[in-house]
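Top to bottom, those sequences are chains P, G and D.
Quick note on my numbering: the first sequence kicks off at 29 and runs consecutively.
Quick note on my numbering: the second sequence kicks off at 701 and runs consecutively.
Quick note on my numbering: the third sequence kicks off at 1161 and runs consecutively.
Since the hints were made in silico from the structure, they are not lab data.
Any given hint could turn out to be false.
[As the list claims (entries may be wrong)] Under the rule of at most 20 angstroms between Cα atoms (straight-line distance), these lysine to aspartate or glutamate pairs were calculated in the EDC-like manner: (1) 708(G) - 1333(D); (2) 708(G) - 1267(D); (3) 204(P) - 171(P); (4) 703(G) - 1333(D).
Predicted model only: the values in this text are computed from it and were never measured.
One letter stands for each residue in the lines below.
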Amino acid sequence: MAEIRLQQLAHSYSASPSGPEDYAIREMTHIWEQGGAYALLGPSGCGKSTLLNIISGLLSPSEGRVMFDSTVVNDLSPEQRNIAQVFQFPVVYDTMTVFDNLAFPLRNQGMAEAKVQAKVQEIADVLDLQPLLKKKAKNLTADEKQKVSMGRGLVRDDVSAILFDEPLTVIDPHLKWKLRRKLKQIHEQFNITMVYVTHDQLEASTFADKIAVMYGGQIVQFGTPRELFEKPHHTFVGYFIGSPGMNLIEVKPEAGGVGFGGIHLPLPEALQQRLAATQWSTLKVGIRPEFVHVWDGPFDDAMCADVTYVEDLGTYKILTLNLAGQSLKVRLQEDKPVPQGQAWISFPAQWLMLYADEFLLEAAANQVPASEVPHE
Amino acid sequence: MSKVQNNKAWWLVLPVFLLVAFSAIIPMMTVVNYSVQDIFDQSSRYFVGADWFRQVLQDPRLHDSLLRQFIYSFCVLLIEIPLGIGIALTMPTKGRWSSLCLIVMTIPLLIPWNVVGTIWQIFGRGDIGLLGYALNNFFHINYNYAANASDAWVTVLVIDVWHWTSLVALLCYSGLRAIPDVYYQAARIDRASNWAVFRHIQLPKMKSVLLIAVMLRFMDSFMIYTEPFVLTGGGPGNSTTFLSQTLTTMALGQFDLGPAAAFSLVYFLIILLVSWVFYTAMTHGEKN
Amino acid sequence: MSKREKLPLKKMQLRKVVPLWIYLLFLLVPIYWLVNMSFKTNTEILGGLTLFPQDFTVANYRVIFTDESWYSGYINSLYYVCLNTVISLSVALPAAYAFSRYRFLGDKHLFFWLLTNRMAPPAVFLLPFFQLYSSIGLFDTHIAVALAHCLFNVPLAVWILEGFMSGVPKEIDETAYIDGYSFPKFFGKIFIPLIGSGIGVTAFFCFMFSWVELLLARTLTSVNAKPIAAVMTRTVSASGIDWGVLAAAGVLTILPGMLVIWFVRNHVVKGFALGRV
Chain P
29 MAEIRLQQLA
39 HSYSASPSGP
49 EDYAIREMTH
59 IWEQGGAYAL
69 LGPSGCGKST
79 LLNIISGLLS
89 PSEGRVMFDS
99 TVVNDLSPEQ
109 RNIAQVFQFP
119 VVYDTMTVFD
129 NLAFPLRNQG
139 MAEAKVQAKV
149 QEIADVLDLQ
159 PLLKKKAKNL
169 TADEKQKVSM
179 GRGLVRDDVS
189 AILFDEPLTV
199 IDPHLKWKLR
209 RKLKQIHEQF
219 NITMVYVTHD
229 QLEASTFADK
239 IAVMYGGQIV
249 QFGTPRELFE
259 KPHHTFVGYF
269 IGSPGMNLIE
279 VKPEAGGVGF
289 GGIHLPLPEA
299 LQQRLAATQW
309 STLKVGIRPE
319 FVHVWDGPFD
329 DAMCADVTYV
339 EDLGTYKILT
349 LNLAGQSLKV
359 RLQEDKPVPQ
369 GQAWISFPAQ
379 WLMLYADEFL
389 LEAAANQVPA
399 SEVPHE
Chain G
701 MSKVQNNKAW
711 WLVLPVFLLV
721 AFSAIIPMMT
731 VVNYSVQDIF
741 DQSSRYFVGA
751 DWFRQVLQDP
761 RLHDSLLRQF
771 IYSFCVLLIE
781 IPLGIGIALT
791 MPTKGRWSSL
801 CLIVMTIPLL
811 IPWNVVGTIW
821 QIFGRGDIGL
831 LGYALNNFFH
841 INYNYAANAS
851 DAWVTVLVID
861 VWHWTSLVAL
871 LCYSGLRAIP
881 DVYYQAARID
891 RASNWAVFRH
901 IQLPKMKSVL
911 LIAVMLRFMD
921 SFMIYTEPFV
931 LTGGGPGNST
941 TFLSQTLTTM
951 ALGQFDLGPA
961 AAFSLVYFLI
971 ILLVSWVFYT
981 AMTHGEKN
Chain D
1161 MSKREKLPLK
1171 KMQLRKVVPL
1181 WIYLLFLLVP
1191 IYWLVNMSFK
1201 TNTEILGGLT
1211 LFPQDFTVAN
1221 YRVIFTDESW
1231 YSGYINSLYY
1241 VCLNTVISLS
1251 VALPAAYAFS
1261 RYRFLGDKHL
1271 FFWLLTNRMA
1281 PPAVFLLPFF
1291 QLYSSIGLFD
1301 THIAVALAHC
1311 LFNVPLAVWI
1321 LEGFMSGVPK
1331 EIDETAYIDG
1341 YSFPKFFGKI
1351 FIPLIGSGIG
1361 VTAFFCFMFS
1371 WVELLLARTL
1381 TSVNAKPIAA
1391 VMTRTVSASG
1401 IDWGVLAAAG
1411 VLTILPGMLV
1421 IWFVRNHVVK
1431 GFALGRV
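Please work from the sequences and hints to get the whole structure.
Listed below in structure tokens is the structure:
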């Protein structure tokens, strides 16, 4: 059991990286606390699996340190790190029975056979593998195999953490849900640090207490699912989380706020000051479709947009609007009237986010904990 | 993959069937024909039934040959299979070196069999061959494959190892390449020892190619003819006279067609039987 | 994956590399010796042991290239080997497709029967073969040897190709038929390119087994189609063995094989890498 600390970690697959684009993992500092259930979320190719392999020791990082509690483990092999890892495709030892598969990691460390028996029975109970114990592993179905793979990680009581690399990819949808709940139960029961890599936001938010969103080789935000939704720290988080993603509009600073195409958006005083003090090359505002307010008719400061498309998704509707040449998605609850032709909308101030060079700009001095500030 | 029942597929197989049947069935029938007749010349031949079979099964000369053959094939498998597996495990998996290894290892397989004999005939000679010279002069072993029976036997065995171990190694290598990296990663996470990795990951995945390797090596070593014939002509004495050669001498040298044909059928059945035993033994485990 | 550079691992690497090098050396030294001898004069060969030619000469090769009976041996061998490879591949491709895609009456028995043909000891079947090909007037022709070699090459080709074809998803066939391809068009335009490596590997094996086989080739030929390997026995004459020419001829029989492996090396490497050989 341990806290996993990554310090100034960076990794490049090329021997002599010449620029940031050569790095699969850009320099980052990050802490996974002991006993947490974490998800590492990001699109394919963002460096999730690389990061996972660095933590487990299958890869050696080109820069920085990996620490378990206060020990630097860079030079320790996976077998010395006490890490369990479950891979995307189930790995079982075909020639062995399910029992022997589960017992394999224990026997490898020379555990007494009586204790092996007890441990394996315990894990088989948890994973509902009891009836399969005597079966040859090669005859199992994909989800049974994946359960065995997970079991091999869970059976060891010496593991510091269990890492999951998109473990439910090959599993049928209805079993996915069952297995995910099983994992959650196991986490509560054993209190082991778990890191779960996925590209599915639903999977991430149902499994994890806190989610780290990865993009372009760095962790752009680390927070609870709610934080990621309400206050994305990076335009990518806004775009990637939520369905549909956040509306992002490029703007120019104006007196008292920002604006685009003749539309003026006022900003709080403190934020204006912050903006003035910041260097940037692109400026965007973002607002989630859920938070755009639609008025029933013309109203005070409300902006007028053309309705271009209405998509009915049962319990809610997605409106596509055109506001001064910018396309905008709005999520409308089913009880609300659907505006015809034109819609009067406004952006509530607390949900309007301002992004300078894709990173969130906040009024007060940056309150993001140091461990989450991505280093360029 | 689920296959579709379709007897029209026979049309696709027909050319192969006809071509192989032409070269296989007609000569086979001829041999069967010989084996039950006593032939003096084209016009005078007598049906003798199973006489030839009875005779060859009691012939001590053929018994000796058969015994030598079994010992030899057994030694070939005993050396080449473990050695081939070992080589395959040590071969680099990617980059220039792996291509180079593959190419170098294929060379012996591409040399005509009598030239293989010639190469070693030269290489092993005490006067002009590096091996013979080195053994005689530096290691002071009195080595002469042309005069000493055990030297000749060992030389034929070494030739076979030189010639064919690469085939076993290449087959195993291809089996090993089919194992995804993630299996090795999982094994490291599970703290498997190198032996456990070999025993539980590599060996099971190599099983089907090993079956092919064992069968090919058994069949070919059991039918060995060219190399010992070129090296020593089967001598000295009878030490390297294997079954094929005994039979060829009988059939072509002494023109004892009947017994030769009878025994070659027995010989064919032995190979078939042993191959079948290997095959069932090695595939048996899979069914459980 | 970047390997951790640590001392115990380096030691492990060494323990792996050294036996491999010893094995490769074991393979190459006898061949080197043959090459070495082919560039020596007979006086030097018989005079004493030298690790490389002191008196470098290409005279042995000149003997071979100026004598028609020598070089025609090469042409004969290459001719029937290529002929055999083409025949084997063209009949094995559809058959392998049938075995990989369909179940049909007697398929398993047929497959096993094909494989048993490798088990027939050729030494004993020489005479029947000789009689068979003489009686149909094909004796001493290239096609006779090419056909005879089909006995063991066709089953092998079917076997290897079947493995590669089973690796191609069946959905590809179905999609092509739905798109309106006829079987021959689908087979030639879509399927064959998909198993390119497999065909390369198969061609390599057919070439190899046909090239190295001597017994049948020698039995079925006398003058016109006599293979090089049989010509080599000529070096033994009343005055003893002409070692230099024998070595040179030996070297020349190795060359075509090396050329072939060089040309198909990527296919073979890929074929091996697919784990399907």
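Structure-based check of all given hints:
1. Between residue 708(G) and residue 1333(D) the CA atoms are separated by roughly 17 angstroms; this keeps the pair inside 20 angstroms, and the hint holds.
2. About 12 angstroms separates the Cα atoms of residue 708(G) and residue 1267(D), which keeps this hinted pair within 20 angstroms; it holds.
3. Distance restraint check for residue 204(P) and residue 171(P): the Cα-Cα separation of roughly 9 angstroms lies within the 20 angstroms cut-off, and the hinted pair is therefore satisfied.
4. The straight-line distance between the Cα atoms of residue 703(G) and residue 1333(D) is roughly 13 angstroms, inside the 20 angstroms bound, and the hint therefore holds.
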